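Asks: Once you've looked at the hints, dock chains B and C against the given chain A.
So the sequences go chain by chain: A, B and C.
Sequential numbering from 1 applies to the first sequence in our numbering.
Sequential numbering from 404 applies to the second sequence in our numbering.
Sequential numbering from 674 applies to the third sequence in our numbering.
Since the hints were derived computationally from the structure, they do not count as laboratory data.
Model, not experiment: these values are computed from the prediction.
Ideal placement from N, C-alpha and C gives every residue a C-beta, glycine not left out.
To give an idea of the interface, some chain A residues facing chain B are shown, with a C-beta separation under 8 Å as derived from the structure:
#, residue
1, P35
2, L57
3, K58
4, D68
5, R71
6, T75
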Amino acid sequence: MKRIASWIAGAAALFSAATAQAEPVTLEIWTIDRPDQYIYLVKDEFEKEHPDIKLNLKTVQFRDMVNDLARAMATGEGPDVTYIDNPEVALFASRGLLLDLTPMIEESKIIKKEDIFPGPLASVTWDDKIYGIPRGANTIALYYNADMFKAKGLDPDKPPRTWDELYDAAKKLTDPAKNVYGLAFSAVATEEGTFQFLPWLQMTGGDYNKVDTDGGVKVLEFWGKLIDEKLASPDTLIRSQYDSTATFNAGNAAMAISGPWEMPRMAREAKFEYRAALLPIPQEGAARASALGEGDNVILANSKHPKEAFVLIEWLYSKMPEVWNRFGFLPASKVKVDNPQWPEIYAVFEESMKYARNRGPHPEWPKISKAVYTAIQSSLTHRSEPKAALGAAQKQIDGVLGR
Amino acid sequence: MKRYVLFLIGLTITAVYLFPLYWMYLTAFKGSSEIFQYPPSFWPSDPQWNFLQVWKERDMGRYIWNSLLIAVGVTVLVTLLGTGCAYVLARVRNIWMDMALFAILMMQVLPSSLMVTPIFVAFNQLGLLASPRLAVILAQTAKVLPLYIVLCRATFVQVPRELEDAALVDGSSRVGAFFNIMLPLARNGILVTSVLIFLQSFGEYVYARSLIAKNELQTATVGLQTFMGPNANDWNGIMTYAAIYVTPILIVFMLLQRRIVSGLTAGALK
Amino acid sequence: MQSIIRTIRDGSGFDILLLGFALVYLVTFSAFPIIYNIVMSLQTVDMFTIASFSRPFVGLQNYYNILSQPIASLVFWNTVKFVVLSIVFQLSIGFGLALFFNQDFPGATYLRGLFLAGWIMPALVVGAIWKWLLAGDFGVINHILMSLGITEGRIFWLSDPDIALYAVIIANVWLGIPFNMILLSVGLASIPRDVYEAAELDGAGPFERFRSITLPLMRAQLGAVISLGIIFTLQQFDLIAALTQGGPADSSNVAQYWSWQLSFQTYEISLGSAVSVMMILFVIVVAAIYVRSTRHEHSY
Numbered sequence: 001m002k003r004i005a006s007w008i009a010g011a012a013a014l015f016s017a018a019t020a021q022a023e024p025v026t027l028e029i030w031t032i033d034r035p036d037q038y039i040y041l042v043k044d045e046f047e048k049e050h051p052d053i054k055l056n057l058k059t060v061q062f063r064d065m066v067n068d069l070a071r072a073m074a075t076g077e078g079p080d081v082t083y084i085d086n087p088e089v090a091l092f093a094s095r096g097l098l099l100d101l102t103p104m105i106e107e108s109k110i111i112k113k114e115d116i117f118p119g120p121l122a123s124v125t126w127d128d129k130i131y132g133i134p135r136g137a138n139t140i141a142l143y144y145n146a147d148m149f150k151a152k153g154l155d156p157d158k159p160p161r162t163w164d165e166l167y168d169a170a171k172k173l174t175d176p177a178k179n180v181y182g183l184a185f186s187a188v189a190t191e192e193g194t195f196q197f198l199p200w201l202q203m204t205g206g207d208y209n210k211v212d213t214d215g216g217v218k219v220l221e222f223w224g225k226l227i228d229e230k231l232a233s234p235d236t237l238i239r240s241q242y243d244s245t246a247t248f249n250a251g252n253a254a255m256a257i258s259g260p261w262e263m264p265r266m267a268r269e270a271k272f273e274y275r276a277a278l279l280p281i282p283q284e285g286a287a288r289a290s291a292l293g294e295g296d297n298v299i300l301a302n303s304k305h306p307k308e309a310f311v312l313i314e315w316l317y318s319k320m321p322e323v324w325n326r327f328g329f330l331p332a333s334k335v336k337v338d339n340p341q342w343p344e345i346y347a348v349f350e351e352s353m354k355y356a357r358n359r360g361p362h363p364e365w366p367k368i369s370k371a372v373y374t375a376i377q378s379s380l381t382h383r384s385e386p387k388a389a390l391g392a393a394q395k396q397i398d399g400v401l402g403r
Numbered sequence: 404m405k406r407y408v409l410f411l412i413g414l415t416i417t418a419v420y421l422f423p424l425y426w427m428y429l430t431a432f433k434g435s436s437e438i439f440q441y442p443p444s445f446w447p448s449d450p451q452w453n454f455l456q457v458w459k460e461r462d463m464g465r466y467i468w469n470s471l472l473i474a475v476g477v478t479v480l481v482t483l484l485g486t487g488c489a490y491v492l493a494r495v496r497n498i499w500m501d502m503a504l505f506a507i508l509m510m511q512v513l514p515s516s517l518m519v520t521p522i523f524v525a526f527n528q529l530g531l532l533a534s535p536r537l538a539v540i541l542a543q544t545a546k547v548l549p550l551y552i553v554l555c556r557a558t559f560v561q562v563p564r565e566l567e568d569a570a571l572v573d574g575s576s577r578v579g580a581f582f583n584i585m586l587p588l589a590r591n592g593i594l595v596t597s598v599l600i601f602l603q604s605f606g607e608y609v610y611a612r613s614l615i616a617k618n619e620l621q622t623a624t625v626g627l628q629t630f631m632g633p634n635a636n637d638w639n640g641i642m643t644y645a646a647i648y649v650t651p652i653l654i655v656f657m658l659l660q661r662r663i664v665s666g667l668t669a670g671a672l673k
Numbered sequence: 674m675q676s677i678i679r680t681i682r683d684g685s686g687f688d689i690l691l692l693g694f695a696l697v698y699l700v701t702f703s704a705f706p707i708i709y710n711i712v713m714s715l716q717t718v719d720m721f722t723i724a725s726f727s728r729p730f731v732g733l734q735n736y737y738n739i740l741s742q743p744i745a746s747l748v749f750w751n752t753v754k755f756v757v758l759s760i761v762f763q764l765s766i767g768f769g770l771a772l773f774f775n776q777d778f779p780g781a782t783y784l785r786g787l788f789l790a791g792w793i794m795p796a797l798v799v800g801a802i803w804k805w806l807l808a809g810d811f812g813v814i815n816h817i818l819m820s821l822g823i824t825e826g827r828i829f830w831l832s833d834p835d836i837a838l839y840a841v842i843i844a845n846v847w848l849g850i851p852f853n854m855i856l857l858s859v860g861l862a863s864i865p866r867d868v869y870e871a872a873e874l875d876g877a878g879p880f881e882r883f884r885s886i887t888l889p890l891m892r893a894q895l896g897a898v899i900s901l902g903i904i905f906t907l908q909q910f911d912l913i914a915a916l917t918q919g920g921p922a923d924s925s926n927v928a929q930y931w932s933w934q935l936s937f938q939t940y941e942i943s944l945g946s947a948v949s950v951m952m953i954l955f956v957i958v959v960a961a962i963y964v965r966s967t968r969h970e971h972s973y
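Only chain A is shown next, with the shape it has when bound in the complex:
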């Protein structure tokens, strides 16, 4: 009798497995990845381990993601799972468009809330609930060309630690005859400009909600000095971080401020010894700060397959120990990375993560961000004084924050 029961149970299991395989659930996934990145790389692996779930991937341009998502949600055409950039999670979560993952995480054997670093956790948290799981994290640091340091009589073991040292190094390293600028960074009029600016502001005690500070003026004056004295290219104003760092890789800049995503390309193309250091601080003993980047995997509130979607998110989270070596992200949670590639640079970024601060969160982050990069641009092009520019930005930010 028992045997028959187990037979029946086995047959039922087989049968259900067969139906599951006959009709796998297809999850619609939106991503900003190119076909050689993140989710495209693991798609087959996931589908093999979960034969009952198929993934249909669609790449959306980074700058279009929020609009396309909003439009799709407004008309009920949205995906099940999507990438959202850190500062935008609050925008969607505050309107109840994302699935609250808190109960699922409590039951999960794979995702432990306590393991996620505070910065990334804050970026997916809105109103004490968790609406997404970080795919990884990134932050920025100072890359430098050790060969150029040696050639100009600087000690590559002592990279600049303060802004003054950074200025001196940039000045020594700048060599117009050889088309070399001292420093490459990005002050472009997009989120990237804000991303690069905020850590500098935070080191002087300001933050996104308090920009018209003496520290803020000091940062803009410092950036302005770098550009006016041609220690950094005037094109800093229109170049993204990735394009700026390309000039570093090509040997046209001696230092560059950017993130870990640069590593695969730098390893391939930079024909010199490159190293990394923490972002310089205003003066000895000042507080450190760094940016926090990367995005999150979220499930839309009206997804028809929340269970399967969560399986995917859990599975992606379980890849955290591999994100550095495979995708160029930093882990967003306490995991041990075995044999990291480029171990010295990994160590710098790992330490930098300790100082990484989230942008916002605020549901109207894009407006805050725009106020910040507008101030940067108008000050660096000398359309207005740093103080006036930041004052105008503060007024707009206060308006957004309802103060």
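Replies: Quick look at chains B and C alone, frame taken from chain A:
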């Protein structure tokens, strides 16, 4: 002698104009750090031959097929709808026609990027998003139809009216005169304009990106964006892709253009 | 029934039918989005309420907000400069090239065919290429200008706020030349040779012939090309997005890009719609002038 001087001048002008195109091909061949080098090299130091790889990896055949499908669809639809309309607007002059022409011009005032939200909402309601390539054809047709009508109208204006009147006097019907007299005489203008419409639609980007959800139905221009990311712009890949995309059309239309223009200069109007 | 068929075969029914097809199509697919934009410009629209019409009505408040923004006048003058300069150069260069290639010399048609390249290229790619060409540090244009001794130092085409707008205009002119040239070529080719020959017999010089024959006979083409050129220039979006994104510090920002920024970057969709409606008003003027100009068209 003078003809050869003219040829040389013509060649120089064309070369200057096409310099950006040369730069595209050059960039496609350069390594990605060489792109940023100064002084820039006018010939790749270490030519990269990525064409086959990009073609295969990005599945360009499928993308180009979709683009072609959409461009042909739009061109056919536009020609069918627009030619007659252009003819009427060129032939009949009264206040109503003025208003019609005015209305048609108005219809293409907004850039696609601002039209796409309402179109998306409307097409979603109509269920058109289920056949996304058709949706793009319909939207793009509406976008370029005014252009076609205005240009084609200018062609019909130049066809001598006496020819049509003569045919009508000879007992031809309006329909007959239109098909037998007007269309053949205006065919060069129609052809050139259709070619322009075809090229415009082949490069359509905004509607395809927003209305087509499935990757396998996407067009070549949207495929291009797979090289661009927030922290990764593969300029090499972009230029390689663009070169693959542009070269065949360029060759086809260079050959075709000879026909179009020789048709023009040897046209029936001489 | 018989009479309907007859009017379609022989009367004005034929005209109405042909016109009707196109108009009905356009009204169905184009008028709706435009009206939608106008409605949104009078309401408070949130990016998540785009699919419904029931939104708070605020009248002209959005227009007031837009016009009181400090960059409004900057954007207005940039747009005027962008349109006027683009059109003037596209048209004169395009017309010049059309006249040049209309002469009889070997390879003329082939060379002219090559100009179509500018029309085929997606604006996205054109923008990317021009970004390379105009780059301040490693751009080839600076390299050429400096090696020829035309300029002393580098020009930061895209990041110098006094120059950025002109850099975008240069790229836009490049993009617009083939359109002007090809269409004007078609017009030139359909002017009968004997008209010129008659004028030549009367002793008219080349300039006189151009003024008294070419220009008047090309009126329909020129009117079409100019009015469409203005509309195209007002729609130019990808190029600006690829080159300067309206920067630095909004120095190359124009109405269509600003409208997009408002709607899609800071999600102030009502404000973005208000800008687009003001652009519509501008195009109404252009369209009216065009329609008026068609009254004086020559047919021969």
